[in-house]
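FYI, the UniProt record's numbering numbers position 1064 of the sequence shown as 1064, with every residue one higher than the one before it.
Everything labelled a hint here was simulated from the structure, so no lab data went into it.
Be aware that a few hints might be false.
Stated by the list, open to error - Lysine-lysine pairs mimicking DSSO-like chemistry, simulated, CA-CA at most 27 Å apart: (1) Lys65 / Lys28; (2) Lys592 / Lys513; (3) Lys154 / Lys35; (4) Lys485 / Lys543; (5) Lys828 / Lys818.
Treat the numbers as computed from the prediction; the structure is a model and nothing was measured.
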Amino acid sequence: MSKHILVYGGKGALGDKLVQYFKAKNFKVTSIDLKENDCADVNIILSGNETLEQQAEFVNDNIRKQLNNESVDAILNVAGGWAGGNAEAEDFIQNSALMWKQTMWSSLIVASLASKYLKEDGLLTLPGAAAALEPTPGMIGYGAAKSAVHQMTKSLAAQNSGLPNNASVLAIAPIILDTPMNRKWMPKADMSTWTPLEYVADHYDIATQNKIDMNDGHFQMIDNKSSLTPYRGRDWRYVQPKLLYELGIKQLVTILLQHNNSLAKIEHLLLNEQAIFSTRIGNLILKEFIDQIHTMKSYNNDEFLNYFSSDTIAHTNRIHSDLNVHALHFIPRNSPPISSNFASSIVFNLPDQHEQSLFNSMPPGKNFRTLSLEKSDEQPKKKRTSLNHHHMWTKSTSKDPSIFVTCLNFQYCIFITNNSIKQLISQQLVDTIDLRNCLITVKIFKILSDYFPRLKCLRLGVIDTGCVSSSVSMFVHNECEHYLKKPTLRSFTFEGFEQNHQQHTIIQRIFNKTLEFCSQQLQYLDLSRSTCIQELTSFIYVKSSLSTLILYDISPVLIELYSNIICELKTLSTLDLSRSKISVNSPTDNYKNSTLFLAKLVYSLEQLKSLDISGTNLGGEHTIRSNEDEREYLCEKLNITCDKRNVESSIPGLLLLKAPLEFLGVLDCDQNVAMRPNLPAKKIAGEYSENQLLTAIQRYINRSEMITHVVTHLFRFYKDTSLENFKYGGELLMECMDKHIYNLHIQISGSASLFYIIKAHHQKDESSELEYFYVRQIVTVILNAMTIHSKDNGMMRNGLLSLIHLQLPDDIMFACEKAFKVLLELLKLHINMNISYESFVLRTAMYLLNCMACTADGEEKLAVGNFGAIEVMMNLIQKRIHTEDADEILEVAWAFLWNITDETAENCVRFVTQNSGLQAFQDCLTLFESKEAILRNMMGLMGNLAEVPTLRSHLVKNEILQHLQRLVQKPECSIEIAYNAAGVLAHIFSDGPSSWTADQVDRTTLCDELFEIIQHWDVNLERNINYRSFSPILRLVKQFDEPSAQIWGCWGLANLTSVFATKYCPLLHAEHGDVLLNDIVRHNSVHPKVKHLASLALENVCNYLKTPPSDLAMMDVEQ
């Protein structure tokens, strides 16, 4: 039965998005609004003229009839509106009454509905506002109504509020939502900081599925720029992932510390409230944030131990080799969303050098608490108990409850010693220990045998070839023999012990003895790549218990030699005989009698459900004989009877299966096995189809060599074939690219595949957009790959190709700082190291840089300047001046400089004083005066420089003034070039005669000439220009003593308000420019031409304001 949700305000921008979102997830949705929502299953239409009592009664009657004694899962109230005004405003009372009606009526009604129709454990949401958490003097009625909603939320969450048992109440607190109405009435605002409606819908989805604990009547801040919300006495409740990118990880840590949060507490709050990071992209950001926390700490044992003994946390950074972070960290196994139900165990990672004696220094009798907690009183309880309180150190006593670790993961902790392990022997609930890629001694087996009574899973060896030479390189000085004696062991991984290891005899003996003394319950055995194991006779000890045997990259010669023993493993349900291509060096690495060998195996192992023969010749030849004839042939050769074995198979060796397999791996098998028609398995990992390849990625993601081939196959498939399941394929690809970030081949093929995935999405539905978080995953993965492999032309080309097919610049701005760094590094490598990137790579990098610069805000532009962007661009420009090459890169370089100097004085200063920018400007004017696009961009930049008072003296030079004069006078120049050139002169004139230092250009003559030229410009000309603020122009409009400066400013205002009225009339009004224009019109000494232009601009604003919006979509404007 599908879930049922009521959306009050279902026709507004947010309400409509919620209706569509939940309908797509097969919810039944009822919309309540003034208008019908075509997507909703049921519409309850309000007249708008009812009293509160009448509206409540009308809605209640309709809901009761519709539900027919059933309940709803959630009631989402997103109704509301906005009207401003302080206490002296003429419409203050009217607007305040309107705000109360639009906001509180709906909240009161949904509260009443929830008391009658909401399920137990259901969700009720109300429309709060972030602005109402602070005084709202400019919109008092609005703030009062929203504050009432906040109070109502807390009251409804309290006991005896009348809501059903365990019902959750949530008030969202938006800043500005990205809606069509907001875009219409705030066209000049920085929309990249607005919250997309899809994100809000995702948040509601998390809430309705109880993925976060929300039964306390708290507020959930919804904001893309600065959302930190108080909650339940804690300092901070919520941090949105995008905030971490836009604000900057280090800057966010600093802000949090300024609010008296300890590093420990910050990290605890983020981890303990991890629901918002339940998506993969969120988890990546969370880890990066925690990494940054600990880079701000010095590494010594005293600080770490003091940190861990705090009353808030026992978490720190995990080893993150990609970021070269060395720290200590706990993370949940499988990283599930954290809510009231915690993960069942943790992964416990140690640094490789800084904390070598950490465990030796541990306070005695203290234990780590895990995310998944087992509570212990007198005796440990069998049932795991989720405890929702702080991570801490606790004393281990029989009287007080204690918290214990259940999983110890020491991967890559090369300093681990026997004494270190001994410090953890009090952890009696540990069931999993991973010591792969650790340098240990054989004495570890005695410790593991004597302690950890619940140990069920042990992993030893080397995970990836090349990470550590061997986990047993310290298996020396063995005067006495050690082995593991652990009857409780159910899973044993012994991987990566190479054949050429000098102690292979010792290793073989350890393995045999361990298998002998751990055989009682052993179900899982993994010998992947352990080529030093040269005999398998010990398998006989586990023949009655083993269900899974992994022999990945084990020699076929060895497997065939001990095939009889393998056939004795009658309980075996999973067998992996796969090989990577790199391990198959010659025909001698193949099975000699492949078909008969495979037939013998499957006939003997009757419980077999999963078989992997990837990379081998076990597929045999595709015989032309019928399956029945082939089956009889095999039975004859093996001297067995064919008893009711009728599985159809194009792999001859599988004809003796009793039933089809659940899984079959045939990737890169000889004879193109994956292409054969009858493969007897429900799931197949191969290279023939999209489903086969996606299954292969899932299956082999931890095997670097095999996954490299899979990703290559997938790229070729996506390139030549139409995609069906491309979104899921993209998710798997990105997971793979994250895991193998240093594998260049995977990054190149993966990024190329992502390009085809993006392209396929647009071809399938050109009107839709990729999901909010999915796009950010793509961008993050590609930027990570481009960061690591910046010197590879193919990687950079593929990454750029993928990025430019997204919705730019919006899709990339959440990670703009990283993107700027990646692209600038590419250009620096090209300039300084003479790395020869192809022309497309350079041009596309420049395009992306400029595209982002157009949208970047002031702080982002300043950061780009600090990254060395101006120096890079000037280097590119100087090279083209030297070669006299007016190419596209030169044009975009000037455009980029124009954008990052806009309203950013620091970058303007850097351009002029540190990079000989004005000389490059003059050189380009001389060489490329006929190139209009280059001139336009250069003059835009010059206009930015002229707005900085301290730089104008650098512009009052004879050569520069003569260039500007010529551009203003030149009839063939476009209006944009002439306008910007005139603007530079107008700013210079505004400083008065005393600042004029040029001796070859007469100031008065140039002033008069400029005034005469401007008054003949057509005020209705369209221009490609973008003003965020009119303050630089308004400063010149006030220059009553400088007519040439004043007429330039008035012409600009008249032109922009005439041609782009919707965009610029509200901006001029908001900055009180209309007041200034009135002063000019009434001023007696102002030139008539100037008054005419001022009157025209003023008339445009007045006409625009005469037709204000009659209504606002619900929840559209939240300021």
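Do the alpha carbons of Lys65 and Lys28 lie within 27 Å of each other, as the hint requires? Holds, at about 16 Å.
Does Lys828 pair with Lys818 here, judged by a C-alpha cut-off of 27 Å? 15 Å, holds
For Lys154 and Lys35, compute the direct alpha-carbon distance and say whether it is at most 27 Å. 31 Å, violated
Proposed proximity, Lys513 with Lys592 (alpha carbon, max 27 Å): 31 Å, violated
Satisfaction of hint between Lys543 and Lys485, Cα-Cα up to 27 Å: Roughly 18 Å between the alpha carbons, so the hint for Lys485 and Lys543 holds.
Violated hints, listed in ascending order, are 2 and 3; each of the other numbered hints is respected by the structure.
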